[in-house]
Structures are given as C-alpha cells and as structure tokens.
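Peer 1: With UniProt numbering applied, the sequence shown covers 1 to 267.
Worth double-checking, as some hints may not be accurate.
Pairwise CB distance ranges (calculated) [stated by the list, open to error]:
#, residue 1, residue 2, range
1, L168, P101, 35 to 43 Å
2, A229, E41, 50 to 58 Å
3, L213, R5, 55 to 63 Å
4, R244, P101, 50 to 58 Å
5, R5, I84, 58 to 66 Å
The set of hints was computed from the structure by calculation and includes no laboratory data. We treat Cβ as the ideally placed atom computed from N, Cα and C, and that holds for glycine.
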Amino acid sequence: MLDPRQARRTRLRIWLHRAWGSCAFALGAGLLVAAIVEVGEIPGSLAEERSYLTAEACTPAAALDARADCLRSIRASVRSTVIIDEGKRQQFTVRLAGPSPVPKEVDLYGSGPLLKRLRPGDQVRVTMWRDYATAISRGDVTQESGDTPVSAPEIITAVVLALVSLGLFAMYAGGRAVLRARRLAVEGLPDTLVPLGKGALAAAACAIPAALLGACWGGPLVMVSAWAAMLPGVWWLTRLLQRRARHRTRHRHRSRAGTPGVVDRTA
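Put together the whole structure using the sequences plus the hints.
Peer 2: Put into structure tokens, the structure is as follows:
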C-alpha cells in the first residue's frame, strides 16, 4: 500500500506538472498568435520601405502640402547633444526644438561627421519623411539617422521566426507535461527536454544572421530561405545533445545499479 505522505506528494507533483504545462501551452499559443499578427505587418512594412527608397525631395509646391509623400527639409535648433561611447554603452543623440513634425530627439549612428560639431543654439535642417527624421544637416555636412523604415521588414520577420521557434517548443513541452503528468510525477522530466529547449533557442537565434542576409540580399523571402537552410544544422545539434543526455542518464543509472528508487528518465 502506498504511503499516505508519498501519495500526497505524488498528487501535488501531478498538479504542478499540469499547472506549469497548461501555462507553457498557453504561452506558446500566445507566441504563435503574436507571430501571426506580426506576419500581417510585413506587407505594409515592405510597401513603406519601397516608398521611402523611391522618395525624392519635395518641390516648393509639394512642400506646402502636408500629405505629399516626399523628403522635407525643416529648420530646427539644437537644444543639446549626448555623446556616450564607452564600450557597450553607446548613445549618440541630438535634442531639437522645431515645428511639427520635427521630433524632440534624433538618434544617430555615431558622433561624426556632424554630431560632435553641434552646440546648443546651432541651426540645423532636419530631413523628414512622413514621421521619420532621416538625417540632420548643417551647411554642407549631413549625418544620417537610424530613423528610417529600411530593414524594418527583416526585423519583423526575425521576430516572427523567433516567436514561432519558441512558441512551438512551449506548446510541445506544455502539452507533454499536461498529458503525461502522472508519469512525470513519478519519473521526473525527461533529460531530452532541455536539449530540445536549447534547439528552440538556437532556431530563434538563427533569425539574426538570416535577417542580416535578408537585409543585404533580397528581403524577407531570402531571409526565410536562409533561416530554413540553417534548421537541419540546428536539428542535428539538438539530436546530438539529446543522445548525450540519454548517455549520461544511462551511465548514471548503471553506476547506481542496485540502488532502490532509480527510475529511467530517458523515455
């Protein structure tokens, strides 16, 4: 007959596995829903990027029309600048005072060629496209900003791929915990689950180099193709980690031969 305390502990472990499994499954489903929502943003982001790349400077007549889709040059004055270049801590910002739609701050990629020369009160011209402040100019010196829609489709696609990778793993792990709660309460989590989680993280991380390839050579379609080409390597690495986990578990069990209560967790 099962010890009452042991029975209570087993029931508690069953409940805990079902609880965290349900939460993980719901989290995974939420991540996949978020991925679907982000996919819907990609066509609009591509269209915006194309419009920006083909935009030209406003003519005098177009400059008077707020709806004209052209590059506007708007005068503003410098309130202050922030230049921090200390290893991983970097910030290059100019704070502006100007008419709408000039933003109060514009982040730049570095201190040169213009930012380091600016002083409070200096007059500059801000190149605006829609709500983007794309460049700062003073005299014949211009410095580009990071505030453009360029590469936004690749960033969104990278987020989608990462969400899919992590969402599928969370749903698998959570569903397994719910369906096998009784078995897991006795045996514990299988040692192969952690390598599978590492594989999901690796698949999500592969979205970063894929995004760089997509931004340089062809956009989201090239990016997804590059990411898919990396998955066999991720799968091979995951299987290798799982085999090693099984081997370690079997070796540990053999070394405990004859010890009561040892349970095979590799199933």
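Peer 1: Taking the hints in turn, state whether each one holds.
Peer 2: Going down the list of hints, with the structure as the test:
Take L168 and P101: their Cβ atoms lie about 41 Å apart, and the range 35 to 43 Å holds. Between A229 and E41 the beta carbon distance is about 24 Å. The supplied range of 50 to 58 Å is therefore violated. A C-beta distance of roughly 58 Å is found between L213 and R5, which places it inside the suggested range of 55 to 63 Å. Between R244 and P101 the beta carbon distance is about 57 Å. The supplied range of 50 to 58 Å therefore holds.
Checked against the given bound of 58 to 66 Å, the beta carbons of R5 and I84, roughly 59 Å apart, stay inside it.
In terms of the numbered hints stated before, the structure departs from hint 2 and from no other.
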